[in-house]
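Given chain A's structure and the hints, the job is docking chain B onto it.
Protein chains: 2
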Amino acid sequence: EMPNPWWHLRGLCWVPPRQPSGMSRFCHSGPGKDYALPNSSWSKDMTSQFNKFMEMSKSGLWQRISSHRRLMYDLPGGNLLFSFPKFYPQSDSRFFCRNLDVEGLGFEYVMFWNQSEKRMICIFQPGPYLEGYTGFVHGGCIATIIDNAFIGCALFTANLDINYKAPLPLGSVVLVDTKVDKTEGRKTFISGTVQRADGKMVYAHATLLFIHMDPQTSSQLEEASKL
Amino acid sequence: EMPNPWWHLRGLCWVPPRQPSGMSRFCHSGPGKDYALPNSSWSKDMTSQFNKFMEMSKSGLWQRISSHRRLMYDLPGGNLLFSFPKFYPQSDSRFFCRNLDVEGLGFEYVMFWNQSEKRMICIFQPGPYLEGYTGFVHGGCIATIIDNAFIGCALFTANLDINYKAPLPLGSVVLVDTKVDKTEGRKTFISGTVQRADGKMVYAHATLLFIHMDPQTSSQLEEASKL
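Protein chains in written order, with full-length UniProt numbering: chain A, 1 to 227; chain B, 1 to 227.
If we strip away everything but chain A, and leave its shape as in the complex, we get (with noise of 0.2 Å):
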């Protein structure tokens, strides 16, 4: 049993966050169910594919990350984030990727950090609501879900470039693959491949440019939140 699901990425390194100070007065409904666990919806090979990743868990050279209806529920306590109190209040807001409570219709994923490689697997099943042309997942989602990869590491995204191969058809299982190239002073270089498990149909490839989050950016947010 895992003691504590909630887990956050500081440069880079998983370790489980505290409960920020005075959350429980803004937030009202609580982070509800962890939606990186198997449902009903999931195929037989999204299951297969989460139970190799746990069972590769057990020796902690991966680890899982939780997943709540919103992302500050995966985030450590102490992230900057938190400092903008007039955004609680927005209760009503919801994870992108979180968004709809029928399990099946939309982004049914999970994923998976490996600290030593400094790798972000991600199992994505993309639902009937995710419909870009006919029968097949719109291009926007295969950037999320990419984007999303790392975005619980405090990490602004300011380049993302995509290059699709191939429609990726509804209801599909695949392996969005990320890892860290290299990192310079605040800025971190991924790159990630959207493919089929077992390797033989590649999706789409890309590249990533993030931007450490630091106080500087932290006001940048607050100034562009006046706007």
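Calculated from the structure, these hints are not laboratory results. Among the hints, erroneous ones may be present.
Repeated chains share a single entry, so a pair holds when one copy, or any two copies, can fit it.
To be verified - Straight-line C-alpha distance at most 27 Å; calculated DSS-like pairs for lysine-lysine:
| hint | residue 1 | residue 2 |
| --- | --- | --- |
| 1 | 58 | 165 |
| 2 | 33 | 187 |
| 3 | 44 | 33 |
| 4 | 182 | 118 |
| 5 | 187 | 58 |
| 6 | 182 | 165 |
Coordinates of chain B only, in the frame set by chain A:
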């Protein structure tokens, strides 16, 4: 009054579509409401931008693009994508950007096409269900709304390169301004910005490469769907 709000882009020109034959047999629920019209969740800014573009549409320079629960309702009847009857039974599918029923929670947007400038303006008001970091829009939504502008053109996105300049607060009203820079054979090069209506704040800049779909691409889609 608009005689028929269904339009489509063929060779980068919007023309009224035909009713696809056999459509009523496969699509049980019908197109339903047109989401690209004002509702009570639209802010004053959003409505005022909408009215401005509707006013400019009177001369025929701009055309409002309708938007329904599935993209196929806004595509031409003769579109090659209708040649996949096996996808029709997925009548529970929803277009990614129109998958929430409660107004104001998700993607509130309307697109206007300017044929002479080959330019699409999207007025976008992101709701609280599009959250990434607390109070701000998920980067994937920005990618989605940019990619969206030309999704009706029977164009397959080959590359999407986004530079995020500043985090976009939930509830903002922004203009997504995309235009065709050049066309080379089956390739269409597009650039776009996401900015405040007054132009004083730019949130993202993007370039896109689209490939026109032809019967060969159609077979690729067919192949992909079998995998």
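Evaluated hints:
no.	hint	in the structure
1	58 <-> 165	neither (34 Å within a copy, 40 Å between copies)
2	33 <-> 187	neither (33 Å within a copy, 45 Å between copies)
3	44 <-> 33	within (22 Å within a copy, 36 Å between copies)
4	182 <-> 118	within (10 Å within a copy, 40 Å between copies)
5	187 <-> 58	neither (32 Å within a copy, 48 Å between copies)
6	182 <-> 165	both (25 Å within a copy, 22 Å between copies)
Comparing the model with each earlier hint shows violations of hints 1, 2 and 5; every other hint is respected.
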